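Enquirer: Listed below, chain by chain, are the residues.
Protein chains: 2
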Amino acid sequence: MSRSSDHLRWSESSRDKLLSCRIFDVFLSHSSAPDGRKGDFYLLSAPNWVNVVPVVRGEYGGESFLMVRQYRHGASMMTTEFPAGLCEPGEEPLAAAARELEEETGRKAARMSLLGRISPNPAFMDNWCYTYLAEDLSPAGERSLDHLELLDVEDVPAERLIREIGTGEFVNSLTMSALFWFNLKRGADRNRTDA
Amino acid sequence: MSRSSDHLRWSESSRDKLLSCRIFDVFLSHSSAPDGRKGDFYLLSAPNWVNVVPVVRGEYGGESFLMVRQYRHGASMMTTEFPAGLCEPGEEPLAAAARELEEETGRKAARMSLLGRISPNPAFMDNWCYTYLAEDLSPAGERSLDHLELLDVEDVPAERLIREIGTGEFVNSLTMSALFWFNLKRGADRNRTDA
Chain A
1 MSRSSDHLRW
11 SESSRDKLLS
21 CRIFDVFLSH
31 SSAPDGRKGD
41 FYLLSAPNWV
51 NVVPVVRGEY
61 GGESFLMVRQ
71 YRHGASMMTT
81 EFPAGLCEPG
91 EEPLAAAARE
101 LEEETGRKAA
111 RMSLLGRISP
121 NPAFMDNWCY
131 TYLAEDLSPA
141 GERSLDHLEL
151 LDVEDVPAER
161 LIREIGTGEF
171 VNSLTMSALF
181 WFNLKRGADR
191 NRTDA
Chain B
1 MSRSSDHLRW
11 SESSRDKLLS
21 CRIFDVFLSH
31 SSAPDGRKGD
41 FYLLSAPNWV
51 NVVPVVRGEY
61 GGESFLMVRQ
71 YRHGASMMTT
81 EFPAGLCEPG
91 EEPLAAAARE
101 LEEETGRKAA
111 RMSLLGRISP
121 NPAFMDNWCY
131 TYLAEDLSPA
141 GERSLDHLEL
151 LDVEDVPAER
161 LIREIGTGEF
171 VNSLTMSALF
181 WFNLKRGADR
191 NRTDA
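Read top to bottom, the protein sequences are chains A and B. Letter by letter, the first sequence follows residues 1 to 195 in my numbering. Letter by letter, the second sequence follows residues 1 to 195 in my numbering.
What the hints contain is simulated information worked out from the structure, not anything from laboratory work. Heads up, a few of these hints could be off.
Stated by the list, open to error - If you anchor each label on the Cβ, the simulated ranges turn out as follows: (1) 111/A <-> 164/B: 41 to 49 Å; (2) 90/A <-> 18/B: 24 to 32 Å; (3) 164/B <-> 35/A: 13 to 21 Å; (4) 60/A <-> 3/B: 17 to 25 Å.
Said to hold, decoys possible - Taking lysine-lysine and the DSS-like style, the derived pairs with C-alpha atoms no more than 27 Å apart in a straight line are: (5) 17/B <-> 38/B; (6) 17/A <-> 17/B; (7) 108/A <-> 17/A; (8) 108/B <-> 38/B; (9) 17/B <-> 185/A; (10) 38/A <-> 17/A.
Claimed, not checked - Some chain B residues close to chain A (C-beta under 7 Å, calculated; not the full set): (11) 11; (12) 14; (13) 21; (14) 47; (15) 122; (16) 124; (17) 126; (18) 153; (19) 157; (20) 158; (21) 172.
All values reported here derive from a predicted model rather than from experimental measurement. By construction, the Cβ of each residue, glycine as well, lies at the ideal position given by its N, Cα and C atoms.
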C-alpha cells in the first residue's frame, strides 16, 4: 500500500529479556514513537506454530476432520482442536506440521498444502501460525506423544464443526482460523468445478 | 457430550506467579494427570479481550468496516485490524467493546450484538475474546487514545477484507475470527430473507 506509515511506526531502541518459559520468552521492549514519545512494551517471543486440517471421509460419506481432544491448562477445560504444535529450532513449518500430524494422530498425509499464515496476536507476540491442509491420509504407526501430552483423536464431521465452532469444546481461535481457510478453499474448489 | 474425559483431565495442585506484565501475568502451574504423572505448565493470565466489527455504508454503496491501522510491537509491523482492547477490572465485555469503539474511532453504535466468544489460546492463556457487531454508527466526539496508542481509522470494504484477510496488513487472527462470525451472520441473514 502506498499510503504513509511514518507517523505511526515505532522504533525499538533495545529490549530486555525478563523470563524464559520453555514455550516462550518474555521481553520488555524500549521503543520511541515518531513524535518522540517513549514507551515500554511487554512482548512474548515464541517459536512459530503449526496447525493441521486433516481431512478424511466420514462415516456417512461426507468430509470429516481428524481432531484432538485434550485438557487445556490455560482455559482449564477440555477442548477439541485441530492437531497443532510448535516448530522446533530450524524446522520448516511444513515439516513441523507433518511431524505433529504423525505424532498426535498416527497418520501421515500424501498431500499437504499451505492454507495460510496468521499472526496469533501481533500486539504482543512475534510468531506466526501456519495452517496446512492434509489429505490422502494413511496409518504411520504408533502415535508418539510428548511426555506431558494426553490426548484422544476424534473424527468430527466438517458440517458439525462449521455449525458448532465457537461453542462447547470448539473454542480455539486458531482452529477457527483454520476452518475459515478450509471454507474459503472449498468454496473456490466448488466455483472451479461449476465453471 | 457424554463421552468420558476422566482419563484426560489434569488437575492443578498449585501455581506460582512468576511475573506481572501490565497486560498479563505469567504463572507456573503444578498439575497432575489422571495416571499420576506430574507436570509444570507456563500460563498467561490476562483480562478478557474485546473485538468490534463496526459496519458502515462504504463509498460505493456496499458494506465497509471501520478498522484501525497501527504499528504492532509483537509482529514488528503495521497492521489493519478491527478495533479491540482489554476489559477493565469489573467491566462487562459489551461495555468494553462500546468504550473501545468510541476511544479508537470516535463513533458510537446504536446497536451492538454479540457475534461470539473464542479462546485466543486455550493451551496457555486463560482469557476469552468477545466479538461484537456494531451497527448504526454516529459521531461521538473526539477519539481518546491511550497514552501509548498511535492509530489511524480506515474504511475497508467488506469484500476487500474477505478477499485479503491473512495477507498484507490483515494478519491478526482475532480479526479473522471476527470476520468468520460476520460472514456466518450475513449468510444466515440472507437465508432468512430468501425463505
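Enquirer: Does each hint fit the structure? Answer for all of them.
Expert: Hints versus structure:
At roughly 26 Å, the beta-carbon separation of residue 111/A and residue 164/B lies outside the given 41 to 49 Å, and the hint is violated. For residue 90/A paired with residue 18/B, a C-beta distance near 28 Å keeps the hint of 24 to 32 Å intact. A C-beta distance of roughly 30 Å is found between residue 164/B and residue 35/A, which places it outside the suggested range of 13 to 21 Å. Between residue 60/A and residue 3/B, the C-beta spacing of about 19 Å keeps the proposed range 17 to 25 Å intact.
Annotation: proposed proximity of residue 17/B to residue 38/B holds, straight-line Cα distance about 19 Å (limit 27 Å). Between the alpha carbons of residue 17/A and residue 17/B the distance comes to roughly 17 Å, so the proposed pair stays at or under 27 Å and holds. A distance of roughly 38 Å separates the Cα atoms of residue 108/A and residue 17/A; the hinted pair therefore is violated under the 27 Å criterion. Simply put, residue 108/B and residue 38/B have alpha-carbon atoms about 50 Å apart, too far for the 27 Å limit, and the pair is violated.
A C-alpha spacing of about 43 Å is found between residue 17/B and residue 185/A, which places the hinted pair above 27 Å, so the restraint is violated. For the hint pairing residue 38/A with residue 17/A, the CA-to-CA distance comes to about 19 Å; that is within 27 Å, so the pair holds. Violation of the interface hint for residue 11/B is found here, the shortest Cβ-Cβ separation to chain A being roughly 9 Å, above the 7 Å cut-off. A hinted interface residue such as residue 14/B counts as satisfied when its beta carbon comes closer than 7 Å to some beta carbon of chain A; here the least separation is about 13 Å, so the hint is violated.
At about 4 Å, the closest approach between the beta carbon of residue 21/B and any beta carbon in chain A falls short of 7 Å, and the interface hint on this residue holds. For the restraint placing residue 47/B at the interface with chain A, the shortest Cβ-Cβ distance is roughly 13 Å, beyond the 7 Å limit, so the hint is violated. Residue-level restraint check for residue 122/B holds (minimum Cβ-Cβ distance to chain A is 4 Å; threshold 7 Å). Below 7 Å, beta-carbon pairs count as interface contacts, and residue 124/B has one with chain A at about 4 Å; its hint therefore holds.
Evaluation of the residue 126/B hint against chain A yields a held restraint, the C-beta minimum of about 5 Å falling below 7 Å. Here the hint on residue 153/B is broken, as its CB sits about 12 Å from the closest CB of chain A, past 7 Å. This hint is violated: residue 157/B has a C-beta 14 Å from the nearest C-beta of chain A, more than the 7 Å allowed. The beta carbon of residue 158/B is not positioned within 7 Å of any beta carbon in chain A (closest approach about 15 Å), and the interface hint is therefore violated.
Proximity of residue 172/B to chain A holds as hinted, the smallest CB-CB distance being about 5 Å (cut-off 7 Å).
Checked against the numbered hints given earlier, the structure breaks hints 1, 3, 7, 8, 9, 11, 12, 14, 18, 19, 20 and satisfies all the rest.
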